[in-house]
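Listed below, chain by chain, are the residues.
Number of protein chains: 4
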Amino acid sequence: RDRFTLIAGPCAIESEEMSLRVAKKIKEMCERLGINYIFKSSYDKANRSSVFSARGVGMEKGLKILKKVREEVGVPVITDIHEPWQAEEAAKFVDMLQIPAFLCRQTDLIVAAAKTGLPVNVKKGQFLAPWDAKNIVTKFKEMGNDNLLLCERGTTFGYNNFVVDMRSFLEMREFGYPIVFDATHSVQIPGGQGTSTGGNREYVFPLMRAALAVGVDAIFAEVHEDPDNAPCDGPNMLKLEDLEEILLKAIEIDDIVKKS
Amino acid sequence: RDRFTLIAGPCAIESEEMSLRVAKKIKEMCERLGINYIFKSSYDKANRSSVFSARGVGMEKGLKILKKVREEVGVPVITDIHEPWQAEEAAKFVDMLQIPAFLCRQTDLIVAAAKTGLPVNVKKGQFLAPWDAKNIVTKFKEMGNDNLLLCERGTTFGYNNFVVDMRSFLEMREFGYPIVFDATHSVQIPGGQGTSTGGNREYVFPLMRAALAVGVDAIFAEVHEDPDNAPCDGPNMLKLEDLEEILLKAIEIDDIVKKS
Amino acid sequence: RDRFTLIAGPCAIESEEMSLRVAKKIKEMCERLGINYIFKSSYDKANRSSVFSARGVGMEKGLKILKKVREEVGVPVITDIHEPWQAEEAAKFVDMLQIPAFLCRQTDLIVAAAKTGLPVNVKKGQFLAPWDAKNIVTKFKEMGNDNLLLCERGTTFGYNNFVVDMRSFLEMREFGYPIVFDATHSVQIPGGQGTSTGGNREYVFPLMRAALAVGVDAIFAEVHEDPDNAPCDGPNMLKLEDLEEILLKAIEIDDIVKKS
Amino acid sequence: RDRFTLIAGPCAIESEEMSLRVAKKIKEMCERLGINYIFKSSYDKANRSSVFSARGVGMEKGLKILKKVREEVGVPVITDIHEPWQAEEAAKFVDMLQIPAFLCRQTDLIVAAAKTGLPVNVKKGQFLAPWDAKNIVTKFKEMGNDNLLLCERGTTFGYNNFVVDMRSFLEMREFGYPIVFDATHSVQIPGGQGTSTGGNREYVFPLMRAALAVGVDAIFAEVHEDPDNAPCDGPNMLKLEDLEEILLKAIEIDDIVKKS
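Protein chains in written order, with the numbering used here: chain A, 1 to 260; chain B, 261 to 520; chain C, 521 to 780; chain D, 781 to 1040.
Just chain A, with the same shape it has in the complex (with noise of 0.2 angstroms):
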């Protein structure tokens, strides 16, 4: 099995300018370290705590930076949607496309996106367990696309917090896919801050490290040169000056878990 593929990048699209030099920057730093690395960020936030919020560029600037940042800085690139009709727009400029958890269930968007034939990260709902995934599954199957990622991104505990339960990777597995683990999501404080989603940053590396150590085939995760000053998921995205000395642990654990 090969070394797990890194999903990254800031939360939203702020700027092309921003966009490109994350890019390059986490490219860079995969290269050295061997890592296959993917582009992620979302050109709209659409669901929100609160229509105050911020919401991103928007689709179609949003599309052409991604596109830019695949060309300039030789990257896949990887973004959300939420309407079945974004899937096939979408598809004309990135190299795979994104479920949000709470859409997971949503069938018209599933089957759009399959559709589109690109490889499509499906997070697992935080309502959903682990063997229910294959519904998602099935989805795809029927369409006759293949290239299904499962992501874990933490389950509903409670209110206002998240688990992330390790034996769900062990469980997706089962149906034959990648799968994926949203380290920086799954950290998230649903509804912890009033008007938007609080966080825990110091989880972030530790949990990455237990779901690498179970065994996971790429891990998401927001990341950004200014977190606290993010426009979204401040608090539970990593640095990016911390992301180098976290990839060189977690790539001593992969290794160890993926060697025979």
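Some clues are possibly wrong.
Stated by the list, open to error - Selected chain D positions facing chain A (Cβ under 7 angstroms, derived; list incomplete):
#, residue
1, Arg947
2, Leu950
3, Pro986
4, Leu987
5, Arg989
6, Ala990
7, Glu1032
8, Ile1033
9, Ile1036
By construction, these hints were calculated from the structure, which means they are not laboratory data. Glycine is no exception: its CB is placed at the ideal position from the N, C-alpha and C atoms.
Once you have looked at the hints, place chains B, C and D on chain A.
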């Protein structure tokens, strides 16, 4: 405070005849009992567990049927919508809109529904604390729509289970809007039947009594002439023939709780 | 089915005078209202959050006070026990025994309580599914004691929170024994106040109504003349002066649910 | 920080011969691998699901066997106690005491164990938030016993399920005491087999890796020569013949995490 309103009907619109027949029967029953009645049925089941699950008659046909129910039977009608563009279209045919629980965090959908000016029943997500319904309230206020209803439909409780936290009615009431209890979806067993969702019909009436004893403004219940052969939600829908007896006792509890 | 029984009294035995006074007041109230009444108070709070928490008057003194309440006021009395040897001793002074929720899985304690032949109220553990109360039932049957009551006191729901699953009354009723709802411990916030346990008194009455609307045989409630200055469980105990009004409405709901 | 210690042995003391044989095998293995080893076995299973469940050899016989293991095999031994009076007695025979998870809130038991001056492994209750282990810590400090270990054994997650919240190791570490992961009880399925408790042995090793990747001081695991025919905890105990391979990889992860 007024007696509770009943929002009820078959899970999915199966045919015009059936919709008219069920709506008429429940309407007559509610008139006898002195209960306000709103007919509910869905033109599309957009979050089914499987692509093989029944989806309903489709939007165009479904909305026409709902309009016919409203005109011929003389009852207000409500239906759920799943994408923002559907709000304006559905608003031409129905009296109320409903936001599915999985989608209660989708800002564009909330905004589109609120903009119609119609009353909107928003189901609190299975992943949401009652106090975090505040963000839904805020979005409606921003849109200038004060016709919001907040609906409890059970909260994620471990895997493949929901629990109805009766405190949520008290918490959500603090926002100043009518509170609805969805008595039939609350007893679903998510993922419990492989490719469709199971349920426990025998819990519906007891939980309904409990919610009324705490104090709610409306009861939502899916009702079918033959639930065991219904295309969806069979295991948790009420039998039409049982409804009157249930409502009779529900009224007694409601009257006690609401008298000063 | 009969009207519910009330099991009530101050969390801890504070003094003989206070126990007699409270027992007398509640007894008179229950006679006026036509409710069976059982006086409850603990001689020892053995599972306090802290060694600094008040523990009560001690077993020897406490049991004498309970006996005096029983003789002078003329009400049956119940107390909880925490170690097997206490069962036989307490049985000389009281009419009923109670097993704390944390201890419902301790076989020796269950067996010792069952062996006394007294009625025993076993609180279902915060960690136990309603159907798993079956093991408690089995142990009583084995001991030949058929005077078992099963009590719901809330289930662990994430951290620092309990939820009352109203379905549990239905599930536990299947065993054929009377079902009790502990309305005041169910609203505790475990660990919520540092070195003692917090609570939400305003939820007690609504949850009591809900439980009665589902159908229970007895209501357990800690009641105090001045809860805010009580040595334990202050935040969730009812005020004695509020009790009559609460019972009046509770009776109305109970009567509706229990009439054929 | 030092390599993790292993606390391991059969769930229940079945016989002197078997205890000596297993202790010796694990001791030799741990010496080869450079791991500190503590032999664990219970003389009494006091919280079994049923009175029909095996209870063990009894306290008197069990403590003698433990002493023999300690003297003949030359390993420290630990056993759990269930009532306060057992602490002093057990302390004459063993090197460490253990408090079962259900009993972690019983003040008298904690105090009695702390008073022995021995190191005590306290399992955090299935109903307790990690930060609420503070009350256990406080009680030990009050008693002047600083030899406390805090053990995670899974938290109630809905019905008939535990989840291991990997954040709990980080939270509990804040108290400044060694942290233990109970890898075999964490995968129990409480109540899952009618009159005894089920389990998922295949999760033990992955969860152990995850806990070590986060960082713990000791691993607790029940190990048996023939788990499927063991008198208790069969479905979640490790097979002795699998232990060395498991420990080898565990050491690799532990070493990576603990090197500076």
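Okay, the hints, checked on the actual structure:
Taking 7 angstroms as the C-beta cut-off, the interface hint given for arginine 947/D holds, the closest approach to chain A being about 5 angstroms. Checking leucine 950/D against chain A by beta carbon gives a least distance of about 6 angstroms; that is within 7 angstroms, so the hint holds. Nearest Cβ of chain A to the Cβ of proline 986/D: about 5 angstroms, under the 7 angstroms cut. The hint holds. A hinted interface residue such as leucine 987/D counts as satisfied when its beta carbon comes closer than 7 angstroms to some beta carbon of chain A; here the least separation is about 6 angstroms, so the hint holds.
With its C-beta approaching chain A no nearer than about 4 angstroms, arginine 989/D sits inside the 7 angstroms limit, and its interface hint holds. Evaluation of the alanine 990/D hint against chain A yields a held restraint, the C-beta minimum of about 4 angstroms falling below 7 angstroms. Interface hint status for glutamate 1032/D: upheld, as the beta-carbon distance to the closest one in chain A is roughly 5 angstroms, under 7 angstroms. Annotation: interface hint on isoleucine 1033/D holds; nearest CB of chain A at approximately 6 angstroms, less than 7 angstroms.
A cut of 7 angstroms between beta carbons decides the hint on isoleucine 1036/D: the least distance to chain A is about 5 angstroms, and the hint holds.
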